[in-house]
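Trainee: Sequence:
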Amino acid sequence: MGLQYRKGKVKLGYLEEKPEVYKAIQLTYPQVSYEQLVEEIAQSRGVNTNSTRAVVDALLNRLVHYMEIGHGVSLGTFGSFKPVFTSKCAKTLDECDGTTIRKKKVRFYPGGKFAKMLKELAVENASEALDVEE
Numbered sequence: 001m002g003l004q005y006r007k008g009k010v011k012l013g014y015l016e017e018k019p020e021v022y023k024a025i026q027l028t029y030p031q032v033s034y035e036q037l038v039e040e041i042a043q044s045r046g047v048n049t050n051s052t053r054a055v056v057d058a059l060l061n062r063l064v065h066y067m068e069i070g071h072g073v074s075l076g077t078f079g080s081f082k083p084v085f086t087s088k089c090a091k092t093l094d095e096c097d098g099t100t101i102r103k104k105k106v107r108f109y110p111g112g113k114f115a116k117m118l119k120e121l122a123v124e125n126a127s128e129a130l131d132v133e134e
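Residues 1 to 134 in our numbering are what the sequence shown lists, from first letter to last.
What the hints contain is simulated information worked out from the structure, not anything from laboratory work. Each residue gets a CB set at the ideal place from its N, CA and C atoms; glycine is no exception. If a hint is listed, it holds; no wrong ones were tucked in.
Listed next, the in silico DSS-like pairs over lysine-lysine satisfying Cα-Cα at most 27 Å (straight line):
1) LYS82 x LYS113
2) LYS103 x LYS82
3) LYS116 x LYS23
4) LYS103 x LYS88
Computed Cβ-Cβ distance ranges for the label pairs, DEER-style:
5) LYS105 x LEU3: 21 to 27 Å
6) CYS96 x LYS9: 43 to 49 Å
7) GLY98 x TYR22: 41 to 47 Å
8) THR86 x ARG6: 29 to 35 Å
Throw the hints in and build the complete structure from the sequences for me.
Mentor: Below, the structure written as structure tokens:
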């Protein structure tokens with residue numbers, strides 16, 4: 001299995017004439033919980049669940065720590081996380097300061113293993129049409 005979609009009719013509400021178009025609409029599935037992931041990692045490696053949770057928590061804490069001080073963090077062949085921001089333009093150099101920063105976010109750059117998975121990820125038609133208004 002892979003990503004699944006349905007064909008759907010969409011009204012483009014942001015255009016004045018609101019034309020109807022068709023597009024592939026991705027089906028979504030429940031998210032895998034942190035606890036479920038930790039349990040599966042522990043079982044697959046024959047390791048204690050509490051030890052696995054401690055290692056995963058430590059990894060996430062260090063990831064957050066380094067990004068809080070501006071560093072990107074690499075997770076090997078999985079990819080890298082980098083804190084970034086977008087800002088508004090200012091008319092003068094003096095107006096360009098921290099108040100012009102709009103959004104802070106984390107950008108993910110897939111590594112080799114993750115990029116290969118994305119490239120090979122199947123996309124399948126779930127073969128039901130939907131009417132959706134955007």
